[in-house]
Every structure is written in structure tokens, then in C-alpha cells.
Amino acid sequence: MNQSDHIFTIKNLSQTYGAIDALRGVSCHAVRGEFLTILGSSGSGKSTMLRILAGLEMPSHVDELTLDGVDVSNVPANRRNVSTVFQHYGLFPHLSVVENVEYGLRVRKVPSAVRRAEAAKMLNMVQLGDFLEANISKLSGGQKQRVALARSLVLQPAVLLLDEPLGALDEKLRFEMQSELVRLHEEFGMTFVYVTHSQEEALTMSDRILLMDKGQIVQDGTPQEIFDRPNCRFAAEFMGMENIIEGTVSSVDGATITAAIGETLITGMWAGSRMPEPSQPVICAFRSEKLRCTAAGAGAGAGAGDDALNSIQCNIEKDVYRGKYHDAFFATPIGPLRARLWEAPGDLAKMTRLSWPKSQTVILPSD
Amino acid sequence: MFRSPTQVNPKGHLILLTAWVLVGLIPIAGLAVWSVLSMENFRLVWEPSLQAYRDVFSSGRWEVTVRTIRVAAIVTVLVSIFAFPFAYWMAKGTRSMATKTILLGLLTVPFFLSLSARTIIWRGLLGLNGPVNGLLLQLGVVSEPLDWLLFSEFAVVLGLIAPYFPTMVFPLYMAFSLIDDEVLDASRDLGASPLFTIVHVVLPLAIPGIGAGFVFTFIPMIGDPVVPTLLGGGNVVVLAESVQSLLRILNYTVAAALSVLMLILLIGFISTAAWLTKRFTGGHSNAIS
Chain F
5 MNQSDHIFTI KNLSQTYGAI DALRGVSCHA VRGEFLTILG SSGSGKSTML RILAGLEMPS
65 HVDELTLDGV DVSNVPANRR NVSTVFQHYG LFPHLSVVEN VEYGLRVRKV PSAVRRAEAA
125 KMLNMVQLGD FLEANISKLS GGQKQRVALA RSLVLQPAVL LLDEPLGALD EKLRFEMQSE
185 LVRLHEEFGM TFVYVTHSQE EALTMSDRIL LMDKGQIVQD GTPQEIFDRP NCRFAAEFMG
245 MENIIEGTVS SVDGATITAA IGETLITGMW AGSRMPEPSQ PVICAFRSEK LRCTAAGAGA
305 GAGAGDDALN SIQCNIEKDV YRGKYHDAFF ATPIGPLRAR LWEAPGDLAK MTRLSWPKSQ
365 TVILPSD
Chain A
36 MFRSPTQVNP KGHLILLTAW VLVGLIPIAG LAVWSVLSME NFRLVWEPSL QAYRDVFSSG
96 RWEVTVRTIR VAAIVTVLVS IFAFPFAYWM AKGTRSMATK TILLGLLTVP FFLSLSARTI
156 IWRGLLGLNG PVNGLLLQLG VVSEPLDWLL FSEFAVVLGL IAPYFPTMVF PLYMAFSLID
216 DEVLDASRDL GASPLFTIVH VVLPLAIPGI GAGFVFTFIP MIGDPVVPTL LGGGNVVVLA
276 ESVQSLLRIL NYTVAAALSV LMLILLIGFI STAAWLTKRF TGGHSNAIS
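Residue numbers (the numbering used here), protein chains in the order written: chain F, 5 to 371; chain A, 36 to 324.
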């Protein structure tokens, strides 16, 4: 990929606060027009990275920090062509809705009639056309969010930075705003960099995800890649693989690895970077919703004998009703496993076999 | 059993109101009544008269009023110029809690010492044989000691700056601290220079604090006799001294009339400040909440 397709490039970025390393040698880039999500738990350094991109913080060390091809490593926030939507919106409480949106244009000395028209147009696009003169404190959380978006978008920045913008909203509103953001991204075609701790938001909206942990990027890939093929234990846990079993490599067949956990063999797809050696310690990870349970003697339709499935005998321990589904906890020779059962499972006590597709099992280096 | 806040005994308000009327309003009302009575042989007589007010204007006490307001206004402006950057830096510039605590602590130190004790120091410094004149002579800046350094309006203004610095810093510090960091970040992020942010975001949001700082600094200074007496040396008579001297010669009605005029002026100033605050915050009175 051509370097000029990158709207920003970061090479070897570190940020330290006293004795704390917030970022440790991060390198990444965004492609022009991309919806890039930085995903991580709190303290992973994702917000720090966003603040450094915005220029609100100066990095302790960086080899390269370019924005639209220009070195900005020493350029302060007010002279960078990026704009941030803050977690708590950062709206000016003493200004009306339209004055908030006009603010950036006022800074740029745009004539007042022009900036009023631009701001009104932008507020229409975020469906707040009727709230121009409203007082900020009278708005709901979702409306404040839209004002903050309009205020940033009206400046047509090269990159729009969003710092957990939906964190403070309730669930229904969050879904609405997710599709709203995707729509705005398509409409404006600018690069969005979206910081979140929610894998659901990341998977729904992004073109590409950077998964961060302890100040480093642990995985960089499309939502599907990160969801189906997490490349390390942290990624697997973060992306919601409930069943994680430690074992050792028994045999290697291309990308298909068979791991031994005691007497039991589990086969899956290798997701690490370097191919494993036999008897190397590894982790088998698979999602609870991929597990099926069958009763003894239920026939060969599923369970033992099917080459595409891993299979193991089991005993039910606990069944938790969760509305749309059941979470059933089984004791097995390889340790406790969780199965998410979407249909009423019948008598779980009679279920003696768990099975799940080998293609839905990932084998990871044990780090 | 605890009482919920809505069940607080309504009689409490009545008690507060009564106390306020007793200690606050009755003395003021008494003052107003005295100012329109007349004196005969150093005794009050119940005969309405405006003689006291005529005396205020004919005896040059009006000049004293103007001088007092001028000195207080100059000091308030000077103190704001120093206090604004200091309070802003303390609220937003330093992240260190220790620095903030130490500075706030140091600001309260003057309250431990008597104002006269702190003020009297200036006499030694600014006098004809003091170190300031000594230094100026030594450097050849002046050929003979400056006599306007002490017992002058200059000395009074200089002496008032330090005692009224904390009363301006505290409300400003509170007001700046209440401004959300994210709002300041947003301004920077939208391209505003630091000066633009201060003029268009910080100042409007800090107006209530600026108003409070003005009231706590300007108003008490008008009623303060200590610094003008010690550093003015009789050359800079201010209202408080004037009222004191009237009381000393038992001229109660003129003292009362002067006090009433002072009160009217202060109410005028405070109302103007309140009106300006409301105007500048444009009805967004919840700016800080």
C-alpha cells in the first residue's frame, strides 16, 4: 500500500507519566477514509493515543508522527487539522447549540453570516435543525452527542477522533448513534478514529480494529479477523471466547494444529504469527455458542465420529437461564466448559457429549 | 429516625428570618433614622432634619468618599491583574495537588497576623531613611529621598494590595477550578489559541467568580481604616476614618448620614456587578453548575 494513502502514520510512539508507561512503542497508521477503531480496556493506552493524535498531549518519544503527509510531532492541538468528539462532549455551557457549532469557524475568522449558515446546515445533518438557539443544559445525552459531532464535522477535519463517544448513553440510544455514525462516515468520507472498550461497537462499525493492551497494539485486523482469529490469549478473552484450555502441540498439519490436553485431543486453526513446534505449550480457545450437546446414543448425526468436530464427554453442572438463551456449565475431562444453548435444551442431565467444529477452534501460542 | 430534607421544620426559616432582622436590618434601620434627626448639645433630639446630609457635603466629606472609592477601585484593578494569572495557573496550570495545597495554605497566612502589624512594616521600608530611598539614592536614580513614598495615596495603594490579594484569588480559583478540563481541551482542539480560549471560554464561565472576587475585595476595602491610617498618615483620609472621627466628637447624625450614603453606594455597586454578571452570562446562569 502506498504511503500517501495513509492519513496518519505513527512510528514507535511512547508515552510515560512518571513511572507509568501509558504507551510502549506503538506503531500504526490509518488509511484515508477508513473507520478505524482502537479497542481496549481502560488503562490500555487507547485514549492517550487519541489525545496524542489530537495534539492535546505531546508524546514522550516518537520516531514519526505524520498527519496527511506532514510531520506534526511538535504541532500543538490548535494547529492540527483533526477534531475530537469528547467522551463527555466538552460542549461550551455558556453558548447556545448553534454558537457551539460555530465556535471553530469563529476561531478561523469565518464571517458571521457564513458560519451561521454552515452551522445550521450541519445541525440539520445531525437532526438538530430545530434546536439552534437551545441551551446546552436542556439537551439530552444523545442530543449533546450530536452537537459535539456537528461542532467537529463543520470544520471538515482530515481525521475525526472519537473518544468513547457513546459510553454515557443508554443502550437503545447507543444502537441509534452507532448507525448514525456509520451514516455520517459514509456521507463525509473522512477518516474516523474511534476509541472504545466495547467489542460490540468495534465489530459493528469499523473497517479495521487495533486491539490494545498495556500500552501496546496486540492485534491489527478487520472485525472478522479479530473476532474469529484472535492471535493471543488476551485477544481471545477480550473478544469473548469463554472456553480457554491450556495444552501442548501434538501434531501440525499445515495451519491445522492438534493439541493434547492430557488424554484428550483438540484440533483447531493456528492463529499465532510463527508456526508452532510439536510439544510447544498452546491455548485452545472456542466460543460457548459453538458448542452442541447430545444425549447418549443420539446417533452419529453429531458427536463422536464426525471428522469436522471436536468432541468430548461431559456432565452438566449448572444451567443459567438468560432470556434469549441458556448458559450451561459442564464438567469435562479437560476442565469446565461453557455452552450457550439457543434452544430449550431438554433434559440437560441426559446430555453426555459436547461437540464443536474444529474450524471454529483457534490454537494460540501460550504467552 | 432521620428526617428527610423535605420535612425540615419550616419554623427554622422563621427563626433565621427573625435573627436576620434583629442583627442585620434593625441596626441599619436605626442608622437611617439617626441620619435624619438633629443634634442639640451633643444629644439627639426627635426632630426630623436633613442637616446631617447637608453637613456631609459642606464639610468636605464628599471628597473623602470619592477618594475612598478611587483608592479601592485602583487596588481592586491591580489585585485582579495579579490574581487572575495566579489563580488560573493554580486551578488549571499545575496538576500537582501538593503545590496547590501549599499555595492555598500560604494564601491564608496573612489572616494569622494582625493587619496593623503587617502594615506597619511598610513605614520602615518606605520612610525617608528607609531601604527603598536608600537604594534609589545609592543607584543615583534620585538625588534626594522621595517624600511621596510614605504617607501618600501611593503608600496606601501599595499597602492595600497584599491584604486584599487572597480575597480576590480564592473566588477566582474556585471559579476556574469548576471549568471542566474537557471544555478547555475542546476549545484548543477546535483551533483556538490560548488567548482566544481565555477571552471566549474562561472569562465568560468565570464571571460569577470574578463578581464574587470584586465584592470581597472592593467592598471591605471601602470600610477598612487600618491601612489608610497607618500609611496615609493623615494625608489620605478615607471614609472609615472619617466616620470614626465623627463618632469621636459625638457627631452621631453626620456619622449616620455618611454611613447611609456609603451603604447606598455599595448597594449600587453590587447591583451593577450583579446586573453585569447576568448580562454577560446571557441568561445561562447555570454556566458553572
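Everything labelled a hint here was simulated from the structure, so no lab data went into it. A portion of the hints provided could be inaccurate.
[As the list claims (entries may be wrong)] List of simulated lysine to aspartate or glutamate pairs, DMTMM-like, C-alpha gap at most 20 Å: (1) Lys294(F) to Asp331(F); (2) Lys127(A) to Glu61(F); (3) Lys313(A) to Glu103(F); (4) Lys313(A) to Asp67(F); (5) Lys15(F) to Asp67(F); (6) Lys127(A) to Asp220(A); (7) Lys142(F) to Asp215(A).
Next item on the list: Would you list, in rising numerical order, the hints stated earlier that this structure does not obey?
Entry: Going through the list in order, the structure violates hint 4 alone and respects the others.
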